[in-house]
Amino acid sequence: MLTVSGLSLIRGERVLFRDFDLALASGEAVALTGANGAGKTSLLRALAGFLRPEAGAIAFADVDPTEARAKHIHWLGHLDGLKGARRAREELAFQAEWLGADAAGVAAAVDVLALEPLLDLEVRKLSAGQRRRLAFARLVAAPRPIWLLDEPFAPLDARWRAALGLIMQAHLDKGGAILAAVHDPLPVPARAVEIGR
Amino acid sequence: MRALLILWRRELALAWGGGGGPLLACGFFLCLTALVPLAAGGDPAGLRPVAGGIAWLALALSSILSLERLFERDLEDGALDLITLGPAPLELAVVVKALAQWLAVGGPLALTAPLAAVTLGLPPAHAPLVALSALIGGLGFALTGALGAALALGAKRGGLLIAVVVLPLFIPPVVFGAGALERTANGLSPAPALAFLAAYVLFAAVVTPFAGAAAIRNAQG
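Sequences listed follow chains A and B, in order. 197 is the number that the working numbering gives the last residue of the first sequence; the numbers go up by one with no jumps. 418 is the number that the working numbering gives the last residue of the second sequence; the numbers go up by one with no jumps.
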């Protein structure tokens, strides 16, 4: 679904990595590991199109990158894009619908992530773990095959890590693909790729 | 199209809600226009010839206030990344944001402007023209303002930088808008000045989407 070949990334004066190759197949999860500052986040941002690589190519199966970024990629980074002053319901509706979800998809995400009791709260009143679940809901609500996740589990407790593992497994079973930068192992069977070596 | 509507609704809610966008802009505008007669020393007749100019200067300054909210907040909290990944091109998203800014700030300012202009000594008969020109000019302010806000993205103390980037770009609408009022005061038709004002808006409408989107992509990188 996603092929990276000969990718080089430079941030400022520093070379993060050169000639990086990666292939992500349908139904596959890849756990991206590496030391702090090795370039995991930068690689994910380059794949999402936020960063321009110094050299190399990023190709998506069947579609050109612009189309892929507009319709096929989910991005969940350190920043969740949620507005603290707005209610969880409004923010979820915007994020999910903007990325292509319909009402049924949003309802399903609310159900799976047990968000119902949080929906009428302002986002700033949510705990870090609850916020993360709210941000994750857009991935469930809007069907997009490629998930790019940056430290998706950091604020979550064991129970919700396991629950998200089930959601990710369901996504993989449907033919989706997951590329996640992690320090802990992913809760789904995943191929480990280390960068910066 | 549906996606742009979704973004439009969110932008309006953000512009009207928290932070008091329109109220703040209108309050600031009224304060400015109330200060000028006090500073100029209580001779209303002396102010009358420059009333239109003062009103337009105050409009320009008030339009800058909430520009920082337009992109900077979305960059800080990551929402700009999501907007980039949406189904609509970033260029159109920039336009939608600028239009929401116009409706939420330019609209209320256009309604407040006649009040201030009349207080400054403009004949009440000119009030509709003040509102109309402020509404057209407000769209120009919103579009070039959005460009300035995008260019200042990621800079420290971006709010101040926006003002410095944007104020020179606001010179033409201030000249044309105040010109329309001055022509009317001298018994001439305001049409030519309004046409120049509209031309400025069209120019901004062409430049802002592309330059703004490019500036946003640059700030993300």
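Treat the hints as calculated values from the structure; they're not laboratory data. There may be inaccurate statements among the hints.
A partial selection of chain B residues facing chain A, derived with a Cβ cut-off under 8 Å [claimed, not checked]:
#	residue
1	Leu-204
2	Arg-207
3	Leu-211
4	Leu-232
5	Leu-235
6	Ala-236
7	Gly-238
8	Gly-275
9	Asp-278
10	Thr-281
11	Gly-283
12	Pro-284
13	Gln-417
14	Gly-418
Computed list of chain A residues with no C-beta within reach of chain B, every gap over 12 Å [as the list claims (entries may be wrong)]:
#	residue
15	Ser-8
16	His-72
17	His-78
18	Ala-85
19	Ala-135
Simulated DEER-style distance windows between Cβ atoms [claimed, not checked]:
#	chain 1	residue 1	chain 2	residue 2	range
20	A	Leu-121	B	Ile-368	26 to 34 Å
21	A	Arg-87	B	Ala-388	28 to 36 Å
22	B	Ala-396	A	Ala-59	27 to 35 Å
23	A	Glu-54	B	Ala-396	40 to 48 Å
24	B	Val-404	A	Gly-6	35 to 43 Å
25	A	Gly-165	B	Ile-368	21 to 29 Å
26	A	Gly-84	B	Met-198	53 to 61 Å
27	B	Ala-402	A	Ala-85	29 to 37 Å
28	B	Ala-411	A	Ala-170	36 to 44 Å
29	B	Ile-368	A	Ser-8	15 to 23 Å
30	B	Gly-304	A	Ala-85	39 to 47 Å
31	B	Met-198	A	Gly-175	23 to 31 Å
32	A	Glu-54	B	Pro-284	24 to 32 Å
Just so you know, even glycine gets a beta-carbon here, dropped at the ideal spot from N, CA and C.
Quick rundown of the hints versus the structure:
no.	hint	verdict
1	Leu-204	holds, 6 Å
2	Arg-207	holds, 5 Å
3	Leu-211	holds, 7 Å
4	Leu-232	violated, 31 Å
5	Leu-235	violated, 35 Å
6	Ala-236	violated, 36 Å
7	Gly-238	violated, 43 Å
8	Gly-275	holds, 3 Å
9	Asp-278	holds, 6 Å
10	Thr-281	holds, 7 Å
11	Gly-283	holds, 5 Å
12	Pro-284	holds, 5 Å
13	Gln-417	holds, 4 Å
14	Gly-418	holds, 5 Å
15	Ser-8	holds, 15 Å
16	His-72	violated, 10 Å
17	His-78	violated, 8 Å
18	Ala-85	violated, 4 Å
19	Ala-135	violated, 9 Å
20	A/Leu-121 with B/Ile-368: 26 to 34 Å	violated, 46 Å
21	A/Arg-87 with B/Ala-388: 28 to 36 Å	violated, 47 Å
22	B/Ala-396 with A/Ala-59: 27 to 35 Å	violated, 44 Å
23	A/Glu-54 with B/Ala-396: 40 to 48 Å	holds, 42 Å
24	B/Val-404 with A/Gly-6: 35 to 43 Å	holds, 36 Å
25	A/Gly-165 with B/Ile-368: 21 to 29 Å	violated, 58 Å
26	A/Gly-84 with B/Met-198: 53 to 61 Å	violated, 30 Å
27	B/Ala-402 with A/Ala-85: 29 to 37 Å	holds, 30 Å
28	B/Ala-411 with A/Ala-170: 36 to 44 Å	holds, 39 Å
29	B/Ile-368 with A/Ser-8: 15 to 23 Å	violated, 44 Å
30	B/Gly-304 with A/Ala-85: 39 to 47 Å	violated, 22 Å
31	B/Met-198 with A/Gly-175: 23 to 31 Å	holds, 29 Å
32	A/Glu-54 with B/Pro-284: 24 to 32 Å	holds, 29 Å
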